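Student: The primary structure of each chain is shown beneath.
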Amino acid sequence: MIARLAAQNRTVEVVGHGALRNAGRPSAADCVVTTSTLKGVTLYESTELVMSARSGTPLYTIESELAQKGQMLAFEPIDLGPAIGAPAGSLSIGGVFATNICGPRRVQSGSARDHLLGVRAVNGRGELFKSGGRVMKNVTGLDVARGLTGSWGTLAIMTEVTFKVVPLPQSILTLVYTGLPDDLAIELLTTAMGTPYEVSGAVHLPKASAARLQEPSLRGSRDSLTMIRLENFQASIEERKGKLKDALKVYGTPRELDAEASWRLWSEFRTLTVMPYSADTALWRISTSPSKGPEIVAAIQKNLAAVAVYDWSGGLIWLEVPAQADAGAADIRRAVAVRGGHATLIRAAPEVRASVEVFEPMKPELERLTRGIKTAFDPQALFNRGRMYATI
Amino acid sequence: MTSVKLPIPDANVIARRGAINDDLARLIGREALVTDEEGRRAYETDALTAYRRMPLVVALPRTTEDVAKVLRYCHDNNLKVVPRGAGTSLCGGALPAEDAVVVCISKMNRILEVDYANRFARVETGITNLAISARVAERGFFYAPDPSSQLACTLAGNLAMNSGGAHCLKYGVTTHNVLGAKMVLMDGTVVEIGGPYLESSGYDMLSLVIGSEGQLGIITEATVRIIKTAEGARPMMLGFSAPETAGECVAAIIAAGIIPVAIEYMDRPAIEVCEAYARAGYPLDVEALLIVEVEGSDAEIESLLAKIAAIAARFNPKRVEISADADHSARIWAGRKAAFGAIGRLSDYYCMDGTIPLGQLPYVLSRISQICAEHGLKAANIFHAGDGNLHPLILYDANKPEEAEKAEAAGAAILSLCVEVGGCLTGEHGVGIEKRDLMVAQFSATDLVVQMRIKSVFDPAWRLNSAKVFPLEASESLRSDTIARSPEAA
Numbered sequence: 144m145i146a147r148l149a150a151q152n153r154t155v156e157v158v159g160h161g162a163l164r165n166a167g168r169p170s171a172a173d174c175v176v177t178t179s180t181l182k183g184v185t186l187y188e189s190t191e192l193v194m195s196a197r198s199g200t201p202l203y204t205i206e207s208e209l210a211q212k213g214q215m216l217a218f219e220p221i222d223l224g225p226a227i228g229a230p231a232g233s234l235s236i237g238g239v240f241a242t243n244i245c246g247p248r249r250v251q252s253g254s255a256r257d258h259l260l261g262v263r264a265v266n267g268r269g270e271l272f273k274s275g276g277r278v279m280k281n282v283t284g285l286d287v288a289r290g291l292t293g294s295w296g297t298l299a300i301m302t303e304v305t306f307k308v309v310p311l312p313q314s315i316l317t318l319v320y321t322g323l324p325d326d327l328a329i330e331l332l333t334t335a336m337g338t339p340y341e342v343s344g345a346v347h348l349p350k351a352s353a354a355r356l357q358e359p360s361l362r363g364s365r366d367s368l369t370m371i372r373l374e375n376f377q378a379s380i381e382e383r384k385g386k387l388k389d390a391l392k393v394y395g396t397p398r399e400l401d402a403e404a405s406w407r408l409w410s411e412f413r414t415l416t417v418m419p420y421s422a423d424t425a426l427w428r429i430s431t432s433p434s435k436g437p438e439i440v441a442a443i444q445k446n447l448a449a450v451a452v453y454d455w456s457g458g459l460i461w462l463e464v465p466a467q468a469d470a471g472a473a474d475i476r477r478a479v480a481v482r483g484g485h486a487t488l489i490r491a492a493p494e495v496r497a498s499v500e501v502f503e504p505m506k507p508e509l510e511r512l513t514r515g516i517k518t519a520f521d522p523q524a525l526f527n528r529g530r531m532y533a534t535i
Numbered sequence: 061m062t063s064v065k066l067p068i069p070d071a072n073v074i075a076r077r078g079a080i081n082d083d084l085a086r087l088i089g090r091e092a093l094v095t096d097e098e099g100r101r102a103y104e105t106d107a108l109t110a111y112r113r114m115p116l117v118v119a120l121p122r123t124t125e126d127v128a129k130v131l132r133y134c135h136d137n138n139l140k141v142v143p144r145g146a147g148t149s150l151c152g153g154a155l156p157a158e159d160a161v162v163v164c165i166s167k168m169n170r171i172l173e174v175d176y177a178n179r180f181a182r183v184e185t186g187i188t189n190l191a192i193s194a195r196v197a198e199r200g201f202f203y204a205p206d207p208s209s210q211l212a213c214t215l216a217g218n219l220a221m222n223s224g225g226a227h228c229l230k231y232g233v234t235t236h237n238v239l240g241a242k243m244v245l246m247d248g249t250v251v252e253i254g255g256p257y258l259e260s261s262g263y264d265m266l267s268l269v270i271g272s273e274g275q276l277g278i279i280t281e282a283t284v285r286i287i288k289t290a291e292g293a294r295p296m297m298l299g300f301s302a303p304e305t306a307g308e309c310v311a312a313i314i315a316a317g318i319i320p321v322a323i324e325y326m327d328r329p330a331i332e333v334c335e336a337y338a339r340a341g342y343p344l345d346v347e348a349l350l351i352v353e354v355e356g357s358d359a360e361i362e363s364l365l366a367k368i369a370a371i372a373a374r375f376n377p378k379r380v381e382i383s384a385d386a387d388h389s390a391r392i393w394a395g396r397k398a399a400f401g402a403i404g405r406l407s408d409y410y411c412m413d414g415t416i417p418l419g420q421l422p423y424v425l426s427r428i429s430q431i432c433a434e435h436g437l438k439a440a441n442i443f444h445a446g447d448g449n450l451h452p453l454i455l456y457d458a459n460k461p462e463e464a465e466k467a468e469a470a471g472a473a474i475l476s477l478c479v480e481v482g483g484c485l486t487g488e489h490g491v492g493i494e495k496r497d498l499m500v501a502q503f504s505a506t507d508l509v510v511q512m513r514i515k516s517v518f519d520p521a522w523r524l525n526s527a528k529v530f531p532l533e534a535s536e537s538l539r540s541d542t543i544a545r546s547p548e549a550a
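Which chain is which? The protein sequence lines are A and B, in order.
Note that the numbering used here has the first sequence beginning at 144, numbered continuously upward.
Note that the numbering used here has the second sequence beginning at 61, numbered continuously upward.
Looking at chain A on its own, in the form it has when it is part of the complex (with noise of 0.2 Å):
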């Protein structure tokens, strides 16, 4: 069907259920090409930590048959649909290595990117290639599958991909710290990660954001809140927690949340509820150094009237700003510019995507490279056209 289009020179949006088409730059295409009816999961060896699912099979399909044997994602896939105006529920597990944007436990576990094993996918030329495997291991040949992941379907269309997946933790424990300033909870977070108890999220959410938490044990908080999850065995846990809370002393008596609201508070962040959408504001994604973080937004709300959320223990920011022309662009990215990092625009109005640069503008040399690598995959540049960058 490809070849078909190729021949004739027609644009193609490339979509799966549709979580992901209000984020990137809008892309105005010939047709759509929908991954929608590639479903369902090819292999599943779950002592050999391996799952194959074709494209479009929905994540809570993949996610709820991981569950039955006990196992999970690593890298706790977003699905921004909520955050950007689409139902939740509607991500496939093809946009989730398309885009791969992944949840707290990223820090500890890697991201999709990370876990992805191997791919089958065709090209702008209609070519059906396949790279990498199903086995853990592999250095045969480049590494194209991992290349294709947060390429937004710019260079081929996955039909099926194969990743590796991991046990369920068998309990959960999060420690909330209350009231720190930004610079003194990321400074927290980042000797959390300097331990080695483990810590398999680290999230700060300033008095702004906090608020926002449905949890109930959490709810209508009027303070900041600094959060650090362990997950292990029971014993552990209880092991690694004391040891924790004394490493972190100076920064108070944290309260904790047991299992079930453990569950309930970090399964938010899948869906970014803490920063739900509007039309009134711009979301952006930046990413940095931990110790920047603070600075970063600090720089930012001199300006603007920003929300933010820290994951990642302050390397990744939500950052939520007032709808305005350029969604805040030229004050962002001077910010991070100066730091070092990247910003991306999650959300804004189609018309803010469409001229300002969505993704981090690139240095000549890499953006000669990019220009390349896109013509060897799609030379007619069929596939979301403009999606990333304008002229690419």
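Be a bit skeptical, because a hint or two may be false.
[To be verified] Derived pair list, reagent style DMTMM-like, types lysine to aspartate or glutamate, alpha-carbon separation capped at 25 Å:
1) B/Lys230 <-> A/Glu341
2) A/Lys392 <-> B/Glu198
3) A/Lys388 <-> B/Asp358
4) A/Lys273 <-> B/Asp497
No lab work stands behind these hints: they were computed from the structure.
Predicted model, so just to flag it, every value in this text is computed and none were measured.
Assemble chain B onto chain A, guided by the hints.
Tutor: Then chain B, alone, in the frame of chain A:
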């Protein structure tokens, strides 16, 4: 083992050697070049020693700018380049060519920045793998990938090969532990990818570059993750009377939700040789031995090892032995770590590196014995059971050329078998020249073209580490050289 075809060196280039040396000396200084025959001989091979080629000249740059100058010069003068770290590649990844400039990164070995709060180190890539961990050990951190050659191998080589190690079941391989890279392209352009943060923007260039075996560029600086070392670690040994039971036991451990930091498998020939060499206390009455290691505090370790022992008990083990103390742990690991050396004292061997799905282990092991027997050879098997990476060591006598040929043929059959059961040709050693022509067993013509187009984006004239990784027939129209069977085989 000399059957791999290599390009015929370009006599015109060799004739220009003196002038090329002078030009390079003007660019990066005479002291940064190895031009004499004796000096160059040290670079004529890597750890796949059956193949030797005298390099045209060896450049030992000390800065990224110097690497860029050399590559730009080679680009402008149509010279081929072979990147090199410490030369520990087992697949001929760093094999030189008579008409190619070897760019050896080993003098660039400084640590540029260590940031414990943000958990990264920025280093020049000529640094050895172990030197990174040694530097950050003062604060209890380490760099996770730990290939067996870690004392000698450079980070540059690890990046090129996407190296793994014994602990990658828990910590991942190189590609999981690198955040950023500064890379010099063949035309001398310097590109920065990623940085000291978990995700870089745009296409995932790091994924394409890591494991590209020197096909895309030379990485001169890298930002790597450093991790806090676990409070403690301790192994246990589990001996079984059949490979199937050992495989089932591994599956049951994982099914119970336990991911040990390492699960190593040895078959009887490997056990016998290692025990004779290292006196590790391995049981000699078992067909399969597992070494399972877990990490944590003392209490966590006790609890996990007890759980694993309880799981193992379901499979009627002939031996269950939990390490009692640090000495005991060291002894248990000493045998496994000495395996390659121990087997090497007994016989020449050809080390294979396939990966297979765990469930296929019993079938693959029996087929390996069968394949070796058909070639009149024997094999010992070492297996990273947690991640499916299998190292059959085919034993042969290097003084008998026909045995060497047979070992190579048996090796090829074993790797094809790995692919056939759903695995791959190489789990951590790389393709290089050794497995180059077997790539067609795993990849279709289209799969290979998709990869080769990426190579062409970074290195349009195919001057960088040419005639490796991609089968010669597949890359023929893209390369400019002529291929001959290597003279050794003639």
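Student: If a hint holds in the structure, say so; if it doesn't, say that too.
Tutor: Against the structure, the hints:
1. For the given pair, B/Lys230 sits about 12 Å from A/Glu341 by alpha-carbon distance, which is consistent with the 25 Å threshold.
2. Only pairs whose Cα atoms come within 25 Å are accepted, and A/Lys392 paired with B/Glu198 is accepted, the gap being roughly 23 Å.
3. For the given pair, A/Lys388 sits about 19 Å from B/Asp358 by alpha-carbon distance, which is consistent with the 25 Å threshold.
4. As the CA atoms of A/Lys273 and B/Asp497 are separated by approximately 18 Å, the hinted pair is consistent with the 25 Å bound.
Violated hints for the displayed structure: none, as all numbered hints are satisfied.
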